[in-house]
Amino acid sequence: MSTTASPRAAAGPLLLTQKRIWIIFSALIAGMLLSSLDQTIVSTAMPTIVGKLGGVEHQAWITTAYLLATTIVMPIYGKFGDLLGRRNLFLTAIALFTLASVGCALATDFWGFVIFRAIQGLGGGGLMILSQAIIADIVPAKDRGKYMGPLGAVFGLSAVAGPLLGGFFVDHLTWEWAFYINIPIGIAAFAIAWFTLTLPNKKADKRIDILGVVLLSAATTCLIFFTDFGGKKDEGWDSPLTWAFGAGMVLSAAAFVMVERRAEDPIIPLSLFRNRIFVNATAIGFTLGLGMFSAIAFVPTFLQMSSGTSAAESGLLMLPMMAGLMGTSIYSGIRISKTGKYKMFPILGAALTMAAMLWMTTLAASTPIWVICLQLFIFGAGLGLIMQVVVLVVQNSVPADQIGTATSTNNYFREVGAAMGVAVFGAIFTNRLSESLTSAFTGAGASADQAAQSTSTLDPQALSQLPEQLRDAIVNAYAESLAPVFWYLIPFIAAALVLAITLKQIPLSDTAGMVARGEAVGGEEAERLAAGLPGPAPVAAGADKAPEAGAADSVKDDDGELVFQRN
Numbered sequence: 041m042s043t044t045a046s047p048r049a050a051a052g053p054l055l056l057t058q059k060r061i062w063i064i065f066s067a068l069i070a071g072m073l074l075s076s077l078d079q080t081i082v083s084t085a086m087p088t089i090v091g092k093l094g095g096v097e098h099q100a101w102i103t104t105a106y107l108l109a110t111t112i113v114m115p116i117y118g119k120f121g122d123l124l125g126r127r128n129l130f131l132t133a134i135a136l137f138t139l140a141s142v143g144c145a146l147a148t149d150f151w152g153f154v155i156f157r158a159i160q161g162l163g164g165g166g167l168m169i170l171s172q173a174i175i176a177d178i179v180p181a182k183d184r185g186k187y188m189g190p191l192g193a194v195f196g197l198s199a200v201a202g203p204l205l206g207g208f209f210v211d212h213l214t215w216e217w218a219f220y221i222n223i224p225i226g227i228a229a230f231a232i233a234w235f236t237l238t239l240p241n242k243k244a245d246k247r248i249d250i251l252g253v254v255l256l257s258a259a260t261t262c263l264i265f266f267t268d269f270g271g272k273k274d275e276g277w278d279s280p281l282t283w284a285f286g287a288g289m290v291l292s293a294a295a296f297v298m299v300e301r302r303a304e305d306p307i308i309p310l311s312l313f314r315n316r317i318f319v320n321a322t323a324i325g326f327t328l329g330l331g332m333f334s335a336i337a338f339v340p341t342f343l344q345m346s347s348g349t350s351a352a353e354s355g356l357l358m359l360p361m362m363a364g365l366m367g368t369s370i371y372s373g374i375r376i377s378k379t380g381k382y383k384m385f386p387i388l389g390a391a392l393t394m395a396a397m398l399w400m401t402t403l404a405a406s407t408p409i410w411v412i413c414l415q416l417f418i419f420g421a422g423l424g425l426i427m428q429v430v431v432l433v434v435q436n437s438v439p440a441d442q443i444g445t446a447t448s449t450n451n452y453f454r455e456v457g458a459a460m461g462v463a464v465f466g467a468i469f470t471n472r473l474s475e476s477l478t479s480a481f482t483g484a485g486a487s488a489d490q491a492a493q494s495t496s497t498l499d500p501q502a503l504s505q506l507p508e509q510l511r512d513a514i515v516n517a518y519a520e521s522l523a524p525v526f527w528y529l530i531p532f533i534a535a536a537l538v539l540a541i542t543l544k545q546i547p548l549s550d551t552a553g554m555v556a557r558g559e560a561v562g563g564e565e566a567e568r569l570a571a572g573l574p575g576p577a578p579v580a581a582g583a584d585k586a587p588e589a590g591a592a593d594s595v596k597d598d599d600g601e602l603v604f605q606r607n
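Just so we're aligned, residue 41 is where the sequence shown starts under my numbering, counting upward by one.
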């Protein structure tokens, strides 16, 4: 082990009674509500924000900046959580996210807003990773399905309240309220976590891999800028700046691998990549991220501008996707808990997602709303069968002392895929859109400068005030710019399907991470000790002791091949 327990932990293991698990879980729900509600509110308000701040042609940067920041900090939160404990890191993530929300609301120009949105991502990445790792710490893999219901309720609440709040803010107040709302929610989440998140702290007794953190961050940044500048009209793939970032990516990645091989306690242990199940599940997340986030990021904008709906209405039109995602996520979790089998769900999920995306290539301004809702429902149902299942598979395939690191590494590669997808396919969309909008304005008699100015400040309110002929031309521009982009995403979803088919099945552990590491007592023994009842008689030194279920020395897949040694 690379850590030592704090004095509090040394006084005795934590009793993971059912009551304590739900108390800790309440803190995680508060943090997830803060992050998920922000995402749905901002997605709904996005067209208004970029229009007011004069950044329509650069709107992909808002999503890219958040994803880039989130991606960079994921391995840091995961590894530091394993080393130092997760409580203080979780509180830090909430505070950072809330303070950055204030900065977003006070931003007076587009690029200042992008910077604060990136800082928000530094907190958002921690909320996501630490929540998943803490759940694995306190709940055995075989029982996690029953906790997907409350999590689904959080995302469902966000899916309903977010669009309504986002639409209300931009239609009746100002877009800044999309971020002011995070202040009371963030304070409440911090207070709940402060009083209920009772987890042990630790102290690292090995050197922290600072150089690995720096090189990984540099490689990630260069990768995102390489793909983003390559997709831009004013730079492109023949630009020296684009390839400078490409060279920086290769050099940073190569240096990172060399450093990790020699590091005393690497930020991402290279041994993880000898675990076939981990590699397979992580590759599914990467390819899914490429296709999934690109679609989610720009569909609300498409709905507002090409369907002529208000901000609130366009956000509510995303409800079918969330309903599909929640339904299949809860169902798959319950079935996995009952059967112990997970392989079929990513296969079915990838197939549904690909079918929905094929259908979405037919989107047009004339597409009926009910058709769009059905497409989004199928899309969400596919995602719900994959996202949480892949995380569960990864956590179940590694030793207990690597839960945070494995969780963050899996999410890291998914977010790298997402950031690449949003950067590349977002650039394709915005380049097409910029050209089409400029043509629409010049066709209506505007000069080139006037067309460029009108394009950069176009928002739903401005659109509604334009002449009908020009408004129709703009609506068609949005539809014709986004729908073809889905064709570029389909091959990546197909790759995810192939990877899901080859995913190995191993037994689900019935021991929580903290119990396996000796930091807590769980199950019936915890309930007895909490009630003051005597526990089982101690086993004499050297006496034979039957191993706990799920705590075997080794884990094998469905072909009988060794996956990893638990001890």
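Just so you know, the hints here were simulated from the structure itself, not pulled from any lab data.
A quick note: this is a predicted structure, and the numbers were derived from the prediction, not measured.
Among the clues, some could well be false.
Across the chosen pairs, the derived CB separations fall in these ranges [unchecked claim]:
{"#": "1", "residue 1": "D512", "residue 2": "Q79", "range": "46 to 52 Å"}
{"#": "2", "residue 1": "K246", "residue 2": "L398", "range": "46 to 52 Å"}
{"#": "3", "residue 1": "K381", "residue 2": "K246", "range": "36 to 42 Å"}
{"#": "4", "residue 1": "V411", "residue 2": "S66", "range": "51 to 57 Å"}
Derived DSS-like pairs (lysine-lysine); straight-line CA-CA distance at most 30 Å [unchecked claim]:
{"#": "5", "residue 1": "K381", "residue 2": "K544"}
{"#": "6", "residue 1": "K243", "residue 2": "K381"}
{"#": "7", "residue 1": "K182", "residue 2": "K92"}
{"#": "8", "residue 1": "K59", "residue 2": "K246"}
{"#": "9", "residue 1": "K544", "residue 2": "K182"}
Even glycine gets a Cβ: it sits at the ideal position worked out from N, Cα and C.
Structure-based check of all given hints:
1. At roughly 31 Å, the beta carbons of D512 and Q79 sit outside the given window of 46 to 52 Å.
2. Roughly 50 Å separates the CB atoms of K246 and L398, a value that falls within the hinted 46 to 52 Å.
3. In this structure the supplied range 36 to 42 Å holds for K381 paired with K246, their Cβ-Cβ distance being about 38 Å.
4. V411 and S66 have their C-beta atoms about 39 Å apart, which leaves the hinted 51 to 57 Å range violated.
5. Between K381 and K544 the CA atoms are separated by roughly 11 Å; this keeps the pair inside 30 Å, and the hint holds.
6. Note on K243 and K381: the hinted pairing is violated, with a Cα-Cα distance of about 37 Å set against a maximum of 30 Å.
7. Proximity of K182 to K92 is assessed by CA-CA distance (about 49 Å); at most 30 Å being required, the pair is judged violated.
8. For the hint linking K59 to K246, the alpha-carbon distance of about 35 Å lies beyond 30 Å, and the restraint is violated.
9. The straight-line distance between the Cα atoms of K544 and K182 is roughly 17 Å, inside the 30 Å bound, and the hint therefore holds.
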